[in-house]
Structure formats: C-alpha cells, structure tokens
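Please arrange chain B on chain A, whose structure you already have, making use of the hints.
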Amino acid sequence: MLKGQNISYKRGENSLFSNLSFSVKEGEALAVKGANGSGKTTFLRLLIGLSHPFVGTLSWKGNPLTAKNLSFYQRSLLYVGHKLWLHPEALIKDQVRLWHDFYGISLAKIEQALEMWGLSNRLTQKISHLSQGQTKRLSLSRCHWLERTLWILDEPQAGLDQTGKTILSLALAQQLEKGGSVILATHENVSASKEIFL
Amino acid sequence: MFQHLKRFFYDVPNKLEDIWIAPLSAGGVIARNFAPKPFRHRVSSSTMSGYRHNLLRREIRNLYLYQGTLLATLSFFALALFCMALGLGPEEKILRQSAPAILWVLAILTTLFSVPPLLKQEAHEGLLDEILLHPLLPAFHILSKIEAICLLLGLPLILLGVLMSLLFAMPLEDVMMVSSTLLVGFPGLSALGILGGILTLHARGGGLLIALLILPFTLPLLLFSLSVMEMTRLGLDSFAPFCLLISTSLFLVILSIGIGSWALRCSGEG
Numbered sequence: 000m001l002k003g004q005n006i007s008y009k010r011g012e013n014s015l016f017s018n019l020s021f022s023v024k025e026g027e028a029l030a031v032k033g034a035n036g037s038g039k040t041t042f043l044r045l046l047i048g049l050s051h052p053f054v055g056t057l058s059w060k061g062n063p064l065t066a067k068n069l070s071f072y073q074r075s076l077l078y079v080g081h082k083l084w085l086h087p088e089a090l091i092k093d094q095v096r097l098w099h100d101f102y103g104i105s106l107a108k109i110e111q112a113l114e115m116w117g118l119s120n121r122l123t124q125k126i127s128h129l130s131q132g133q134t135k136r137l138s139l140s141r142c143h144w145l146e147r148t149l150w151i152l153d154e155p156q157a158g159l160d161q162t163g164k165t166i167l168s169l170a171l172a173q174q175l176e177k178g179g180s181v182i183l184a185t186h187e188n189v190s191a192s193k194e195i196f197l
Numbered sequence: 000m001f002q003h004l005k006r007f008f009y010d011v012p013n014k015l016e017d018i019w020i021a022p023l024s025a026g027g028v029i030a031r032n033f034a035p036k037p038f039r040h041r042v043s044s045s046t047m048s049g050y051r052h053n054l055l056r057r058e059i060r061n062l063y064l065y066q067g068t069l070l071a072t073l074s075f076f077a078l079a080l081f082c083m084a085l086g087l088g089p090e091e092k093i094l095r096q097s098a099p100a101i102l103w104v105l106a107i108l109t110t111l112f113s114v115p116p117l118l119k120q121e122a123h124e125g126l127l128d129e130i131l132l133h134p135l136l137p138a139f140h141i142l143s144k145i146e147a148i149c150l151l152l153g154l155p156l157i158l159l160g161v162l163m164s165l166l167f168a169m170p171l172e173d174v175m176m177v178s179s180t181l182l183v184g185f186p187g188l189s190a191l192g193i194l195g196g197i198l199t200l201h202a203r204g205g206g207l208l209i210a211l212l213i214l215p216f217t218l219p220l221l222l223f224s225l226s227v228m229e230m231t232r233l234g235l236d237s238f239a240p241f242c243l244l245i246s247t248s249l250f251l252v253i254l255s256i257g258i259g260s261w262a263l264r265c266s267g268e269g
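Chains as they are written, first to last, in numbering that gives the first Met the number 0: chain A, 0 to 197; chain B, 0 to 269.
Please note: incorrect hints may appear among the correct ones.
What the hints assert, rightly or not - Computed, partial: chain A to chain B, Cβ under 7 angstroms: (1) Tyr-78; (2) Lys-82; (3) His-86; (4) Asp-153; (5) Asp-160.
Quick caveat, the hints were computed from the structure, so don't treat them as lab data.
Each residue gets a CB set at the ideal place from its N, CA and C atoms; glycine is no exception.
One chain only, chain A, in its complex shape (with noise of 0.2 angstroms):
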C-alpha cells in the first residue's frame, strides 16, 4: 500500500535518518520506535506530505507520490499528531459539531464513537477542563469515525490509561481486519507487523 525505499532527511546540516525503506500492506501495522529526538514526528509528517525536501522516493499503491497526486493520497489518511486540534475555549459537543461541520460526518456517528471512548457523559464539559488523557481519547475517537485507509499515528498511547490502551488496540486491530493499514510512532511494545527503528 505504502512503500518508501531510501529515504533521508536532513534538518539543517543535521541527518536526522538516512537510507530508510520500509513497506506496509493492507492489513499491516509498522511501529516507528527510536529514542527521543531521534525524527520519530519528522519521519510521520515526512509520509502525510508535510515535511520537505527529503531524499528517497514514496509510492502509493505502486504509484511514486508526486505533488500532483499527493492530495488525493492524503484524502485517505488519518493523522493524529501531538497537536490534538481541540478547540479549548470549546465545551465536547461544541467540538463534535466543529467536527461534523469539518468532515461532514453526522453527529450521531460521533456522538457513538465518544461512547466508546467513555466520553458521552462529559459532553457539556470544557475542553480545558479535560485532563490529559481525557483530550488524547477525545482526539482518538477520530479512529472510529472517520473511515481512512491509512492511519498514521504519533504516540497514540501517551496519557492513555488502561482502559484507552485497550479501547485504542480495538480500533487498530478492527481497522487491520477491514484491511486498512497503520503506522505509529510509538516507545512501547505493540503487536504490530513491522517494526523500524530510527
């Protein structure tokens, strides 16, 4: 599904990873690990489209990504970075209508998606009221109900409790079952496919 062969980057005269190539199939997982710093977010963004100039070609489906194509590739994916892109002043249900305004996804969708999030009781609660990891499972939910074929995720597991780990390990394994793919970043031991280190 998506193939990257030889890619390096560089922040300034810093090589920040070189010669990397990797290959995620439908139904596949690869976990992006490596100590902090080591380009983790970079290597992410790198493969929404987001980080230039890098060295090394991507391909789609077989197709090398170009800037021509790359908007409709990045039409089928699914990014939660560390930015959560939750509005603070927003109270929850302010949020979801900001998301189905956004996507065009119906409100009941949503609304089901937080219940299994465990956030359907906090609907007329402050965004900024919500702890940290309250906020990433709010973020998450975004996994259930938008249908991406590619999910790329930057430390899904950070501030999740137990309880959010599983609920997170459902999503994924439902969403390698539909046979869509998903890269993370992650530091802790996943089941996932493939592994890269950077």
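Just chain B, lined up with the frame of chain A:
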C-alpha cells in the same frame, strides 16, 4: 429565480471535483489504483457540496467560540473612535471631514491586528495539518474564514461605526456612504488579515511583520473609499471610485486566497 440560484450554487462548484480528479484520471492508471474498495475517501459530488456548506458553518461556529476576543476587538474600535473624536475637539467641520479617514484607518488596524492572532491560535491547535489533509482545497477553507470574519467581525464593526459616527456630527448621507464603502471593502480587509496571519504563522513578532507586509496592500482600499467620500462631498459622481473599490476588494480576496493556499502548504512543511 430561486431554482436558478439553487442550481448555480449547488451544481457549478461540483464541477470542481472533476478539476481535481481530471489530472489524475488523465494519467489513466493512478485514479483507479488510488480508490480502495472498503473505504469512502473519494469525495462524491453530494458529499463535496455538503462539505462546502458545512465549512462556512464550521468557521462561524469556531469564530463564535472566540467571542471574547471579538468583543475586545470591537471595544478597542469603539474606544479608539471615542478618543479620536475627543482629540479633534468640538469643531464640527473638522470632525465631519476627518471622520471617514479615521473610521477607515481604525477598521484597517483593528482587522489586521485581531485576525492573525486568531489564526495563530488555530494553527497552534493543529488546524493547518487538518486543512492540508481535508478533501477540500485549502482555498475553500480560506474563503470560508474570510466569509465568517466578514459576518462576525465586519458587520458588527460597521454597525458600531455607524453608531459612533454620531460623535463626529456626520450627516446621514455621509454615514450611509462611509458604511457602504466599509461594507464593500471589508471582504478585502479580512482577506488581508487572513493572509497576514498565514504569512506570519511561524514568525516571532508577527505584528510588526504584518505592518510591513500587509499594510501597503490596504492603501488602495483606503484611497478609493476616501475618493468616494470626497467626490460625494463635492457633489460629483462617485460611481467610478466606488466600482474601483469593489474591484480592489475582490482582487484582494482572490489574491489572498491564492497566496494563502500556497503559503499554507509551505507552512505545513518542516
């Protein structure tokens, strides 16, 4: 009439989907290979039409959540006008003559220094990544933001200007004229505010940069609107400068959308 309008707004922009897909389809293989069966990431015409309408609603909702900032901005505008009126003294002729310029300059400053921080806040929350990964082009997002700012900041600002013009002893005719120039020029102003925000997203001391980069672009708006006022005051036909004001405002909207889309993609990098 309504049916025609409805068809225009619903059908014409749907053609945009063909524009997106066309270059890929022309290549033949790519478009087919990119469409996975069990997922629905291809944007159908109806979904896209829905996206466009929803996007404006999203921007209005989002901007409304910043109501505190908007109120502070409007308060600044009113207070500055009040101070100006006090500072100019009781001479009615001076007040009347200087009012349009003061209203316009303050509208420019208020917009250019209040809109970019809102955008920065959103970028800090991660909006830019989402815009770049959204099925609609960034241009649609910028357009929706311009529309939302016109509705939630522009209209109240103009109404406030009308009210505050009482302090400047302006005749009703002048008040109507200056309000109409503001109404016509505000889309251009808000577009420049958005553009300033995008261009200075990652810059420290963005306020000064905005002044250097964007303020010169507001000069045509200011000059044409003041020409309208001056020609009206002299009893001449102000149609020509009014048309120039409209076209300048539209040009600035288009320019901001074009440059802003490109700059958004660049600012997402790195």
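Status of each hint after checking the structure:
With a cut of 7 angstroms, the hint placing Tyr-78 (chain A) at the interface with chain B holds, because the nearest CB-to-CB distance is about 6 angstroms. Look at Lys-82 (chain A): its Cβ gets to within about 3 angstroms of chain B, closer than 7 angstroms, so that hint holds up. For His-86 (chain A), the shortest C-beta to C-beta distance to chain B is roughly 6 angstroms, which falls under 7 angstroms, so the interface hint holds. At its closest, the beta carbon of Asp-153 (chain A) sits 11 angstroms from a beta carbon of chain B; the interface hint therefore is violated under the 7 angstroms criterion.
Taking 7 angstroms as the C-beta cut-off, the interface hint given for Asp-160 (chain A) is violated, the closest approach to chain B being about 23 angstroms.
When held up to the earlier numbered hints, the structure conflicts with 4, 5 and fits the remainder.
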